[in-house]
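*Asks:* Listed here are the chains, written in short residue letters.
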Amino acid sequence: MRTAAIIKRILRQLRRDKRSLALMIVAPLFILTLMRLVLDGDSYVPEIAVVDLPSPMVDALEEQEAEVHHMSEQEAHEELRNEELDAMITWDGSKSEVLLEGSDPTANGAVQQVLQQAMKEKTAQPAPEPELKFLHGSEELNLFDNTGPVLIGFFVFFFVFIVGGISFLRERTQGTLERLLSTPLKRWEIVLGYLGGFGFFTIIQSIIIAAFSIYVLNMYMSGAFWHVMLITFLLAVAALSLGTLLSAYANNEFQMMQFIPLVIVPQVFFSGIFNLETMEPWLRAIGKVMPLTYGGEALRDIMIRGKGFAVFSDEVYILIAFSILFIALNILALKRHRTL
Amino acid sequence: METVIELDYIAHSFGSESVIKAIDMTVDKGEIFGLLGPSGAGKTTLVKIIVGILKPSEGSASVLGTPMPSLEKMKNIGFMAQSDALYSELSGRENLDFFASIYGLSKSERKEKIQEVLEVVDLTSEIDKPVEKFSGGMKRRLSLAASILHQPEVLILDEPTVGIDPVLRQSIWKELKILKEKGTTIILTTHVMDEADKCDRLALIREGYIIAQGTPQSLKQGIGANTIEEAFLHYGSAVQ
Ligand SMILES: Nc1ncnc2c1ncn2[C@@H]1O[C@H](COP(=O)(O)OP(=O)(O)OP(=O)(O)O)[C@@H](O)[C@H]1O
Ligand SMILES: [Mg+2]
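Chains A and B are the protein sequences, given in the same order. Just so we're aligned, residue 1 is where the first sequence starts under UniProt numbering, counting upward by one. Just so we're aligned, residue 1 is where the second sequence starts under UniProt numbering, counting upward by one.
The shape of chain A in the complex, shown without the other chains:
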């Protein structure tokens, strides 16, 4: 009941603060549109499995910028599905067939380039073009499609973190937090009220951002829309609970902004926008403690690979766990202001 009063108040405040509303919705749309326009590919060493391929062709491949593995078709299929390989080349007696993992356009491009080079150098007369197949996605998948799902997650995370964190901070600096703590409100009711108020708003925000990306910017999408909504919502809740938690350690809005390079930017590196396979293992481990890593992975599973809930359920549970942890810490952090 009292939580409902807080939710209502937050929604009212948000409605008055048109600029912050615009920041949370229009800014992501704007940046996504820019990204759509500027994103381009770069170089990458693909991992390719060869199955019963004639040795001259294997030799030709090995001379290229590629890691070539010999394995059985079954093994290769398995690794392809686990995203440990980028492509597998098979031989049916007369021509080769290429199966690409497909979800990463950088890798797709690299594989195709390696193939073309190998053909040109080693075969005197033009060999029959290998047949290309995709495990996920299609030839049309470009870098925007690949990073898009992560970007959706990132913008929801970023703007909810900032706006949520600052509203909670202002609650403290303008004295209303103390005023609230002089009432019989329990600490968890305040935290939950914030979650409810912003949570409601972030559902709308997520719908707009995801729908715009998919239907207006034509971002590649092969999964269920509501799955995308679920993940962006969970990311928003994690961002809000983290933002309000960290706002306890900032004395003003400017100090809140200082959390961006510390907390937000690193998450970008690990969220899947950059290829993680080229990273040191210890570095990759850092990504494991960041919500966006899981959000990004789940969004790619849904949008690019068209996977169902079973595949990204782990990420869902981890995101929920992050939120619960941050919320609990937040309720504890409020103890600084009232012991009860």
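No wet-lab data here; the hints were simulated from the structure. Cβ coordinates follow ideal geometry from the N, Cα and C atoms, glycine included. Check each hint, because a few of them may be wrong.
Claimed, not checked - Derived Cβ-Cβ restraints for the label pairs, each shown as a range:
#1 A:Met257 - B:Glu2: 48 to 58 Å
#2 A:His337 - B:Pro130: 19 to 29 Å
#3 B:Gly224 - A:Trp188: 49 to 59 Å
#4 B:Lys29 - A:Ile203: 43 to 53 Å
Take the given structure of chain A and dock chain B with the ligands to it, following the hints.
*Replies:* Showing chain B with the ligands alone in chain A's frame:
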């Protein structure tokens, strides 16, 4: 006389800075009790302890027979903070509506109570403006209104009349007297001496100590002073 507030040798420090030192006092039901002291004396800290926001480092504070902090007792306490704790984007009415719902008032109760307190603080005409467009005195009055919405048994006001003109100040004092007649116990802090004269009892606070307490009359008479100000200076120098 029934004791409503009882401070039992409380002390409080922020880190190593000791702000409240061995304060022992009681306030009876229906009293208007003034805390008078210079800036930095510890008045705000003391009222926050009574309200239950701060837990004293030593000693205990109890309100209506229950040791503070107690969420149950907070329902019966109204608090007006020294700085106006209001949501500036919202209108005055929306602010009051929010605080009233926090105390669990139903929709019709809220409407009725809001109207009632607005008349007390004389804000009826401008209440639908956003608070950021309020003057300092208007915000002060709105804060006061917010603290009496739920008809608390104990009302704690931290410098309630700062920035309020003499006419309105008088009408607020009239209202405080009416609340007192209804049995509300009121504690207020001030450094306005003539206001101190209107309290039933006073505690003079300096550097975290109560240097004297009693009725304004007795404080003045005891040392043959004509004004509270004189009395304050007298007791203050006695400490040093
Ligand atoms: N949160 C805090 N952390 C550290 N020190 C504090 C804190 N709040 C108050 N103090 C210190 O405690 C002392 C008493 O402050 P308090 O606000 O209680 O004074 P006051 O009597 O209300 O003064 P004023 O009349 O100016 O409002 C001051 O020296 C102040 O610096
Ligand atoms: Mg004060």
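*Asks:* Each hint: holds or not?
*Replies:* Here's how the hints hold up against the structure:
1. Remark: the range hint 48 to 58 Å for A:Met257 to B:Glu2 is upheld by a beta-carbon distance near 53 Å.
2. Look at A:His337 against B:Pro130: about 26 Å separates their beta carbons, and that is inside 19 to 29 Å.
3. Checked against the given bound of 49 to 59 Å, the beta carbons of B:Gly224 and A:Trp188, roughly 56 Å apart, stay inside it.
4. The hint said 43 to 53 Å for the Cβ distance between B:Lys29 and A:Ile203, and at roughly 50 Å that hint holds.
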